[in-house]
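Trainee: Sequences are here, hints too, so could you generate the full structure?
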Amino acid sequence: MSKRIRPVRRSRRYAVMALAAGTVASLAAAPTLPSGAAVDRAGSSAQTVGAHPDMRAFHQVNLVSDIKGMAKLTDPDVKNPWGIAFGPDTPLWVANQFNPDSAVPNPTPQDLVTEITVYSGANGSGPITKIPLEVKASSPFGIVYNPTDRFVVERNGASAASKFLWNEFTVDATGIPIAGITGWSPDVPPLSRGVIKVRRPGAVDLGIALERTHKGPRLLVANVVAGTIDVYDGRFQPVVRQGAFVDPDGAGLAPYNVAFLHRRVYVAYTSDSGVYAISVFSKRGRFIKRLVTGDPLDDPWGMAIAPRHWGGVGGDLLVGSVESGRIDAFNRHTGAFEGALSDRHGDPLVNPGIWGLQFGNGVIGTRRSLIFAAGIGDEVNDHVYEHGLIGKIRPTHR
Numbered sequence: 000m001s002k003r004i005r006p007v008r009r010s011r012r013y014a015v016m017a018l019a020a021g022t023v024a025s026l027a028a029a030p031t032l033p034s035g036a037a038v039d040r041a042g043s044s045a046q047t048v049g050a051h052p053d054m055r056a057f058h059q060v061n062l063v064s065d066i067k068g069m070a071k072l073t074d075p076d077v078k079n080p081w082g083i084a085f086g087p088d089t090p091l092w093v094a095n096q097f098n099p100d101s102a103v104p105n106p107t108p109q110d111l112v113t114e115i116t117v118y119s120g121a122n123g124s125g126p127i128t129k130i131p132l133e134v135k136a137s138s139p140f141g142i143v144y145n146p147t148d149r150f151v152v153e154r155n156g157a158s159a160a161s162k163f164l165w166n167e168f169t170v171d172a173t174g175i176p177i178a179g180i181t182g183w184s185p186d187v188p189p190l191s192r193g194v195i196k197v198r199r200p201g202a203v204d205l206g207i208a209l210e211r212t213h214k215g216p217r218l219l220v221a222n223v224v225a226g227t228i229d230v231y232d233g234r235f236q237p238v239v240r241q242g243a244f245v246d247p248d249g250a251g252l253a254p255y256n257v258a259f260l261h262r263r264v265y266v267a268y269t270s271d272s273g274v275y276a277i278s279v280f281s282k283r284g285r286f287i288k289r290l291v292t293g294d295p296l297d298d299p300w301g302m303a304i305a306p307r308h309w310g311g312v313g314g315d316l317l318v319g320s321v322e323s324g325r326i327d328a329f330n331r332h333t334g335a336f337e338g339a340l341s342d343r344h345g346d347p348l349v350n351p352g353i354w355g356l357q358f359g360n361g362v363i364g365t366r367r368s369l370i371f372a373a374g375i376g377d378e379v380n381d382h383v384y385e386h387g388l389i390g391k392i393r394p395t396h397r
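If you're matching positions, the sequence shown starts at 0 in the working numbering and goes up one per residue.
Rather than coming from a laboratory, the hints here were simulated on the basis of the structure. Hints are not guaranteed to be accurate.
Claimed, not checked - Quick list of simulated restraints, FRET-style, between CB atoms:
| id | residue 1 | residue 2 | range |
| --- | --- | --- | --- |
| 1 | Gly123 | Lys214 | 34 to 42 Å |
| 2 | Ala172 | Thr227 | 22 to 30 Å |
| 3 | Gly345 | Asp171 | 44 to 52 Å |
Idealized CB from N, CA, C, for every residue including glycine.
Mentor: Structure (C-alpha cells):
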C-alpha cells in the first residue's frame with residue numbers, strides 16, 4: 000500500500016485513557032517505533048532483529064483501514080481497533096475504541112460512543128467484506144466470544160445467552176471513570192446495542208477472557224487501576240478467590256490484558272517504570288511461572304498461540320507489543336525468545352499500536368492466518384491511536 004504511516008510520539012496520551020487516573024494515563028503512552036526504525040507503511044520496517052535460525056519469513060496483508068489506500072477495504076469506523084473476537088463459525092467482531100469527539104479535555108459519555116464492526120472473508124474463497132451490523136459501544140477494549148449458555152442478557156421481555164461480551168468505558172457527570180461488562184445476543188433486540196450487566200465506578204478494565212471450569216464458565220477481567228484479575232461467574236456475579244492471579248514478584252506491575260490459551264491463563268503486565276512481563280496461571284488462578292520479563296516486551300497486550308508448523312514458531316506464544324508494534328514469539332514452556340515475526344528480508348513486521356491477535360476460523364481468514372488489529376496513528380497534528388488497521392499475517396512458505 001502506498002499510504003505512509005509515521006511512528007507516533009510517546010509524549011501523547013490517548014484522551015480517553017487520560018480520564019481514568021494518572022496511573023492509567025501513563026500506561027497508555029503512545030506507541031513509538033524503536034530507535035532507527037523507518038516505517039514506510041504499516042507492516043514494514045528497516046530495523047532488523049536477530050531471529051531464530053529456523054524462523055521463516057512472514058507476509059502481511061492489510062485488510063481494513065479507515066485510511067484510504069491503506070488496505071483492501073476502507074471503513075471510516077475503524078479507529079483504534081482494540082479487541083477482536085470470533086467463534087468457530089462467526090464473522091470477525093472488532094471493538095473500535097476511538098471516537099474523534101472524545102479528543103477534548105472533558106469528553107461526555109456520548110463522546111465515547113463508537114462502533115463494533117463485523118467482517119468476513121479474506122479466507123481464500125472471498126474478499127474481505129463488511130457485514131451490515133454495527134453495534135454501539137462506549138469506548139470498548141477487550142472482546143470475547145461466548146460458546147456457553149450462560150451470561151444471559153435481558154431487554155424488553157427478551158432474554159438469551161450473550162454471544163459476545165466486552166469491556167466498556169464511560170464517565171459519570173463528574174468525570175469519574177466507570178468500567179462495564181456488556182453482553183450482546185442476536186435474540187435480544189435491538190441488535191445495535193448490547194446490555195450492560197456490570198458497572199464498576201473507578202475501575203478501568205482493559206482486557207477480558209473467558210475460561211471454562213468444572214463450576215461453569217468464568218469471565219476474567221484485567222483491572223489496570225486495582226492491579227487485579229477480577230473474576231465473574233455465568234450470572235455476572237463476582238467470584239472471590241483469595242490470592243488468585245497474583246504474581247508474587249509483580250510489585251509495580253499492572254495487568255494490561257488476560258488470555259485463556261491451551262488451558263492456561265496468560266496475563267500481560269505493564270508498568271509506569273517501563274518494566275513489562277508475561278505470567279502464567281492455572282484456571283483457578285494458581286501462579287505457575289513468570290514466563291517473560293523485560294525485553295523485547297514493550298507494552299504487551301495481544302497474545303495468541305501459533306498452530307503447529309507455523310513458520311518455524313509453531314506452538315509458541317505470540318505477543319504483540321503496543322509501543323514497538325512488533326509481534327514476538329516465545330517458547331510457551333520456557334519463555335525463550337524465538338524472534339520477531341519478520342518479512343523475507345529479515346525485517347520485523349511493525350504495526351504501531353498493535354492490539355488484538357487471534358488465528359482465523361475460515362469465515363474470517365484461515366486457521367493458519369493470524370488476524371491482528373492496530374490503532375495506527377500519524378504525526379500530523381500529533382494524532383495517536385486515531386486511525387485503525389485490521390490485517391492478517393501468514394508464513395510465506397506453507
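Trainee: Decide, hint by hint, whether the structure agrees.
Mentor: Checked hints:
Roughly 40 Å separates the CB atoms of glycine 123 and lysine 214, a value that falls within the hinted 34 to 42 Å. Remark: the range hint 22 to 30 Å for alanine 172 to threonine 227 is upheld by a beta-carbon distance near 27 Å. The hinted window of 44 to 52 Å between glycine 345 and aspartate 171 holds, with their beta carbons roughly 50 Å apart.
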